[in-house]
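Listed below are the residues making up each chain.
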Amino acid sequence: MDRASHPLLELTRARLMEFIREPEAIFWVFVFPVLLALGLGIAFRSRPAQPLRIAVQQGSGAAVLAEALDRTPELTARLLAPETARNDLRTGKLALVVIPGDSVTYIYDPTRNDSRLARRLVDDAVQRAAGRADPLAVGERHLTEPGSRYIDFLIPGLLGLNLMGSGMWGIGFNIVQARRKRLLKRLLATPMRRSHYLLSFILSRFVFMILEVAALVGFGWLVFDVRVHGSIADLLIVAIVGALAFAGLGLLAASRAQTIEGVSGIMNLVMLPMWIFSGVFFSYANFPDALQPFIQALPLTPLNDALRAVMIDGAPLTGNLARLAVIGGWGIVSFATALRIFRWQ
Amino acid sequence: MDVEIALRCQGLKKRYGDVVAVDGLDLEVHVGECFGLLGPNGAGKTTTVEILEGLLEADAGDVEILGGRWGKDDRVLRQRLGVQLQETQLAEKLTVEETLGLFRSFFDRGRSVDEVLQLVQLQEKRKAWVSRLSGGQQQRLAVACALVSHPDLLFLDEPTTGLDPQSRRQLWDLVLDFKASGRTVLLTTHYMEEAQRLCDRVAIVDHGKIIALGTPAELIASLGAEHVVEFALEHGDSAPDEWLRQVPGVRDVRRERDGIFLTVGEVHRSVPALLAALKDRGLALSRLTTHHATLEDVFVALTGRHLRDG
Ligand SMILES: Nc1ncnc2c1ncn2[C@@H]1O[C@H](COP(=O)(O)OP(=O)(O)O)[C@@H](O)[C@H]1O
Ligand SMILES: [Mg+2]
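Chains as they are written, first to last, in this note's numbering: chain A, 68 to 412; chain B, 197 to 506.
Don't take every hint at face value.
To be verified - When the alpha-carbon atoms are kept at most 30 Å apart in a straight line, the in silico DSS-like pairs for lysine-lysine are as follows:
1. B:Lys268 to B:Lys405
2. A:Lys248 to B:Lys323
3. A:Lys252 to B:Lys405
Keep in mind the hints are simulated off the structure, nothing from the lab.
All chains, full assembly: derive it from the sequences and hints.
Shown next as structure tokens:
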């Protein structure tokens with residue numbers, strides 16, 4: 068006759084069990100972001116620069132010139148008949164065509180970046196071969212280190228996207244489902260505290276949030292050598308604030324909806340702009356200035372910025388306070404509103 | 197008579213737009229009895245019960261339950277009530293044991309999960325997901341969730357609708373055992389056998405009102421006759437009401453598409469007389485059966501409709 072375990076513990080445990088027994092949920096929350104990171108990471112991986120393709124038009128001295136140009140590491144030079152050379156230039160197979168002679172002529176399209184670069188490289192090589200000496204000696208140092216690649220930009224963005232998606236779906240979907248199946252009503256017929264019911268969603272979100280962060284960050288680290296330059300604790304704090312904010316939005320989306328279709332529609336409407344504008348896959352700096360205030364006001368934008376600040380720049384939390392305030396503000400407002408309008412029956 | 201009242205309501209009203217679901221309903225349920233609300237679909241049973249359970253707000257009326265009131269004593273009341281709702285789907289991906297553990301955790305006192313599993317005979321299914329249970333097993337689990345707190349008052353809303361006869365009987369036994377422990381049950385049903393088997397007293401509900409109240413025996417006795425003779429004639433021939441009423445012992449005549457129903461006091465007097473009268477007129481029987489009058493016959497006598505017609 069003794070009291071069983073604590074209701075909040077039981078409710079949270081039920082949430083966790085229901086989740087891990089749902090293969091689709093596991094896929095969307097854990098597997099999908101990793102696959103996305105893998106695909107995009109491979110597609111946009113940093114490649115060693117390819118030599119530029121140029122041609123030397125057949126004529127006197129052409130063979131020697133072509134050979135000299137081909138020795139330049141950034142160039143591949145071939146000897147071609149005039150018509151073929153022009154044709155390949157026009158179709159983009161060549162960056163530039165050189166006509167040898169007493170005065171060398173370059174044929175190229177000055178609006179093409181690769182052609183303009185080829186023009187400089189070829190001219191350098193031609194002038195040096197003709198005996199030009201550079202008056203100043205220069206040294207070079209090359210930089211391609213983790214932190215500056217696309218995948219370094221992408222992983223924090225996907226993390227933010229995932230915190231948004233799983234927070235909203237995990238809470239919104241489950242609550243509407245319980246309401247539709249009249250399970251919510253059944254629970255209200257017991258002495259269960261409503262606050263325990265809602266808190267159990269938050270607690271289970273925390274557990275999964277830690278796993279989500281671990282999965283994506285761990286994957287990035289193992290496969291692409293994406294490092295967390297700031298502290299893991301800071302990263303988790305940012306993620307917790309983000310998870311809470313989106314839990315609040317999920318609750319708000321579900322607070323009155325009676326059908327799964329209804330809540331899905333609301334959530335897609337809320338999430339779609341953030342998929343596009345909040346700098347998940349590419350920088351939001353690409354959007355016009357007029358849009359920037361709107362973009363900055365979306366909760367996912369400061370979350371992504373804060374995640375990147377911690378992961379890429381190693382920024383301390385103090386540098387993220389303004390962002391955390393915006394995210395937290397969203398959380399507080401949506402929770403407060405959701406609790407007021409929530410339809411329990 | 198000195199009875200303790202478990203539940204009392206007066207002048208209960210609830211409307212949904214133009215539909216009056218509950219239309220001024222008074223009820224008194226005694227401690228230790230099984231009280232039944234019997235009525236067709238749409239009679240207002242679920243609405244009534246959910247108001248009594250404090251899950252729905254009535255437009256008008258007064259509810260007193262276990263000496264307390266909704267809005268004032270909710271916390272205490274919820275600890276003492278067991279509730280099974282019509283058409284609740286429990287979480288599909290939780291096991292039977294987890295579901296019961298969850299419900300048990302909400303109550304200060306109650307039975308252990310093992311005890312309840314045994315009570316509803318779901319021990320072998322304790323590790324099974326709710327979605328893998330048969331309809332009857334799911335229904336027993338729903339009742340088990342209402343029993344984990346060992347409630348003083350148990351609400352069952354159409355607990356056996358859609359169940360096969362064997363599952364139905366298992367549930368009936370559960371209710372009878374619960375009642376035997378001196379606790380109170382309020383159950384709704386549209387099966388007259390169920391009301392007749394389980395209930396000490398039955399209120400017949402139609403269009404949101406109670407149209408008859410009493411023990412099953414009293415209600416049947418109110419027909420003024422205990423048996424029903426049902427027959428049909430060959431070639432769809434018909435017999436006029438006047439002379440059927442003159443057959444000795446016939447109290448009432450009712451015609452339906454599939455036959456003629458006579459309510460009679462004594463079968464052994466009325467049936468021979470009926471056969472003789474038919475023979476005199478050269479009419480031949482295609483069917484003849486008799487049965488003890490049931491609550492269904494009471495409902496038909498009161499409304500002219502059947503319970504299942506809705
Ligand atoms: N939420 C609701 N909205 C509108 N009408 C309802 C609602 N619930 C019940 N009703 C109507 O109220 C009447 C009584 O329903 P109910 O109490 O479910 O009857 P019963 O349980 O006896 O079948 C029915 O006509 C039903 O259609
Ligand atoms: Mg009903």
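Each hint tested on the structure:
About 27 Å separates the Cα atoms of Lys268 of chain B and Lys405 of chain B, which keeps this hinted pair within 30 Å; it holds. With a C-alpha separation of about 22 Å, the suggested pairing of Lys248 of chain A with Lys323 of chain B holds against the 30 Å cut-off. Only pairs whose Cα atoms come within 30 Å are accepted, and Lys252 of chain A paired with Lys405 of chain B is accepted, the gap being roughly 25 Å.
Violated hints are absent here; each numbered hint is respected by the structure.
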